[in-house]
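Below are the chains, spelled out letter by letter.
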Amino acid sequence: MSDKSIDRVAAATPAPVARKIRGLSDRAIAWIFVAPTIFLLLAINIFPLIWTIQLSFTNYKANRIGREVKNIGLRNYERILTDSDIWLNMQATAHFLFWTIFFQVLIGFTLAWLINKKFKGNDLWTTIIVLPMMLSPAVVGNFWKFLYQPQIGLFNYIVTWFTGAEPSSFEMLGSVDLAPWSIVIVDTWMWTPFVMLICLAGLRSIPDYIYEAAEIDRASKLRQFFTITIPMVLPFLMLAVLFRGIENFKMFDLVVQLTGGGPGSTTELTSINLKREAFEKWRTGYASAYAIILFVTVFGLASIYVKALNKVKER
Amino acid sequence: MKHLKLATVSALTLSAASFGSAASAEDLTLCWAAWDPANALVELSKEFEAESGHTMNFEFIPWPNFADRMLNELNSGGKLCDLLIGDSQWIGGGAENGHYVKLNDFFDSAGISMDDFAPATVYAYSTWPKGTPNYYALPAMGDANGWFYRKDWFTDPEIMAAFKDATGRELGEPKTQKEMLEIAQFFQGREIDGKTVYGASIFTERGSEGITMGVTSALYPWGFKYENTPGSYDMEGAVNSPEAVEALEFYKEFYKTATPPGYTNSYMGESLDAFKSGQVAMAMNWFAFFPGLYADPNTGGDKIDFFVNPPQNQAGSTLGGQGISVVSYSDKQDAALEYIKWFANPEVQAKWWSVGGYSAHNSVLQDPGFKDSAPFAGDFLEAMDAVQDFWQEPAYAELLLAMQKRIHDYVVADQGTAQEALDKLIEDWTEVFEDEGKL
Chain A
1 MSDKSIDRVA AATPAPVARK IRGLSDRAIA WIFVAPTIFL LLAINIFPLI
51 WTIQLSFTNY KANRIGREVK NIGLRNYERI LTDSDIWLNM QATAHFLFWT
101 IFFQVLIGFT LAWLINKKFK GNDLWTTIIV LPMMLSPAVV GNFWKFLYQP
151 QIGLFNYIVT WFTGAEPSSF EMLGSVDLAP WSIVIVDTWM WTPFVMLICL
201 AGLRSIPDYI YEAAEIDRAS KLRQFFTITI PMVLPFLMLA VLFRGIENFK
251 MFDLVVQLTG GGPGSTTELT SINLKREAFE KWRTGYASAY AIILFVTVFG
301 LASIYVKALN KVKER
Chain B
1001 MKHLKLATVS ALTLSAASFG SAASAEDLTL CWAAWDPANA LVELSKEFEA
1051 ESGHTMNFEF IPWPNFADRM LNELNSGGKL CDLLIGDSQW IGGGAENGHY
1101 VKLNDFFDSA GISMDDFAPA TVYAYSTWPK GTPNYYALPA MGDANGWFYR
1151 KDWFTDPEIM AAFKDATGRE LGEPKTQKEM LEIAQFFQGR EIDGKTVYGA
1201 SIFTERGSEG ITMGVTSALY PWGFKYENTP GSYDMEGAVN SPEAVEALEF
1251 YKEFYKTATP PGYTNSYMGE SLDAFKSGQV AMAMNWFAFF PGLYADPNTG
1301 GDKIDFFVNP PQNQAGSTLG GQGISVVSYS DKQDAALEYI KWFANPEVQA
1351 KWWSVGGYSA HNSVLQDPGF KDSAPFAGDF LEAMDAVQDF WQEPAYAELL
1401 LAMQKRIHDY VVADQGTAQE ALDKLIEDWT EVFEDEGKL
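These protein sequence lines map, in sequence, to chains A and B. Going by my numbering, the first sequence opens with residue 1, and the numbers climb by one from there. Going by my numbering, the second sequence opens with residue 1001, and the numbers climb by one from there.
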């Protein structure tokens, strides 16, 4: 008898089990191993999705168990897509998404580029910079709420120091013009370190010999940056944009803590609006249609983006 | 030997009695919002525990999450709460969705008469459909939105003189909504004791019910009505009447010209903070907080006084308060009903008022000494005579959230006009009632 581990496992298998398995093909055994995972995926992913699609064509309300559930066709979808308030929520989400990603990529890449330089205290600075993303969004939301407080908040005093304006003369969270920017600032503060870490991984993956070859070819630093650094970090940057895009599309906790969607509905992102429809108004059918529309949007955009990402990687 | 037998029999009797008591003793859980009166109820309930042998547990949820948390609990058929002191607006849903036990038979058998409670509270907290003798709760905590102010500032000769110079009238408790705004504007940005103070703190909260409860305190005195004919759901001309538009414009002016900066999302807690920190001359809040405010060592006592929500075209206050219901999913309904029977007792109701709860029992409210029993007691009675409540329909959450959005959009976010806000509100509410099959 050989001493291979497979033989040892076979020898250790109880005779009744061995008898049962002996008649099965490799494919069948593979299915036996994979089946629990597939079952779990079906139960917690696919089944709810199908059920949500089904509910989206009804007037179902989860808090009214005895109420007759009617099939209303595409009425929920029609209502959502023609509701001007929902389009305003979409615009608020797009504003938040675009500017947070823009600033996070810009600042995150700059920080990564600086941190990648060898200097004293490099590790300490990296640790300090990544601290915000280790905090809970609820905590971050609450303490930024205090920072933004117009009478005692540090943020207003810092702005005053630069501009000379009265601290209580502007309200970051209470003003229709400033509130959308206030949530962008907080999210950027919190998640720029994440983008920085991904960019840093990209920068450190560039072999030194490429830069050495460029030096020999007398390429300037600027040229090295645009022809070596940027193209080689681009797949990492795009990955960071994908992660942050998906995360911020479903942003909820931070904004709820900061503004609650206000003033008015200025910062009511789609996820906040969806939660209100589903679990405060209990319009389950309507909220299901809303969720499907958002799912299709994110899935569609993400698919296009992943294809673009793969093309960049193949270059 | 005889003594031994007697001792044995006594011991057996005692143990049998204690066993019997233990067997029927239940662990009851009462759910309510986390606020001052809830703490008073914990103290009061110790008497019930001593009398009945049941143990009382309490689940108190902060106000901003109270409706969310409790309605989810009820909708999921949860058994967390045996007793629930739920908001008045939940009564329709509680009754129609089968969350609350109907109490008529129990009231008859326990000798509890709804005639013993203030009619406004019975109507608002107990009945569904409204005004019919179908009871789903016992009035537990009478409440309305009222006002309190810095009496020490109002009686300061310098401030009084400055007010007279500015307005031509004496500084005192406002008799109308417009007088109140004038006073608030007078205090706005004024220096008092070397500190900048502001007019008043009002409700502007967006997430739960805050701004609706605040704005209705202006709408009701202007004569706002939800329907032209009660029960008709005919809202055009009522919800957006010229008086309603004027009241809404008034509330916005109040917010813009007489409140502290940054109070864009403020409710009960923020109102109390603004007052206790000496930022505002006046503040609106529920009467439930008034005992605590009066007892406050820094801004209570001689420094504070209270007034009922001032009238404008008519008297009107926003109803708060709750009834106590037995949750139909509870396995301990008998013990829960025992608690209600105990709580309805006039002596317990008198103690309830004395520890900081607002009894709705006539024996307490009609007591000749009631008006003088606290500096806010008379105002409370006056408020309860003119209270109005929000919709109490099963779909109340949808109706409330629509109003939160439309009012906040107009008052805080400066979007559109008052007329447009109320017109859109009618559209939203019409859609809800159409979904409900009521229109």
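Hints are supplied without guarantee of correctness; some may be wrong.
Unchecked claim - Partial chain A-side listing against chain B, Cβ under 8 Å, derived: (1) K4; (2) S5; (3) T163; (4) G164; (5) T188; (6) G262.
Stated by the list, open to error - Derived pair list, reagent style EDC-like, types lysine to aspartate or glutamate, alpha-carbon separation capped at 20 Å: (7) K1438(B) to E68(A); (8) K1195(B) to E68(A); (9) K145(A) to E1436(B); (10) K70(A) to D1273(B); (11) K1256(B) to E166(A); (12) K1424(B) to D83(A); (13) K275(A) to D1068(B); (14) K70(A) to E1434(B); (15) K70(A) to D1435(B); (16) K275(A) to D1428(B).
It should be emphasised that the hints constitute simulated quantities derived from the structure, not laboratory data. Every value quoted in this text rests on a predicted model; they were computed, and no experiment measured them. Don't be surprised by glycine CBs; every beta carbon is placed ideally from N, CA and C.
These are the hints, each one checked on the structure:
{"no.": "1", "hint": "K4", "result": "violated, 55 Å"}
{"no.": "2", "hint": "S5", "result": "violated, 50 Å"}
{"no.": "3", "hint": "T163", "result": "violated, 17 Å"}
{"no.": "4", "hint": "G164", "result": "violated, 17 Å"}
{"no.": "5", "hint": "T188", "result": "violated, 22 Å"}
{"no.": "6", "hint": "G262", "result": "holds, 4 Å"}
{"no.": "7", "hint": "K1438(B) to E68(A)", "result": "holds, 14 Å"}
{"no.": "8", "hint": "K1195(B) to E68(A)", "result": "violated, 61 Å"}
{"no.": "9", "hint": "K145(A) to E1436(B)", "result": "violated, 39 Å"}
{"no.": "10", "hint": "K70(A) to D1273(B)", "result": "violated, 48 Å"}
{"no.": "11", "hint": "K1256(B) to E166(A)", "result": "holds, 17 Å"}
{"no.": "12", "hint": "K1424(B) to D83(A)", "result": "holds, 12 Å"}
{"no.": "13", "hint": "K275(A) to D1068(B)", "result": "holds, 11 Å"}
{"no.": "14", "hint": "K70(A) to E1434(B)", "result": "holds, 14 Å"}
{"no.": "15", "hint": "K70(A) to D1435(B)", "result": "holds, 11 Å"}
{"no.": "16", "hint": "K275(A) to D1428(B)", "result": "holds, 18 Å"}
In this structure, the earlier hints numbered 1, 2, 3, 4, 5, 8, 9 and 10 are contradicted, and the remaining ones agree with it.
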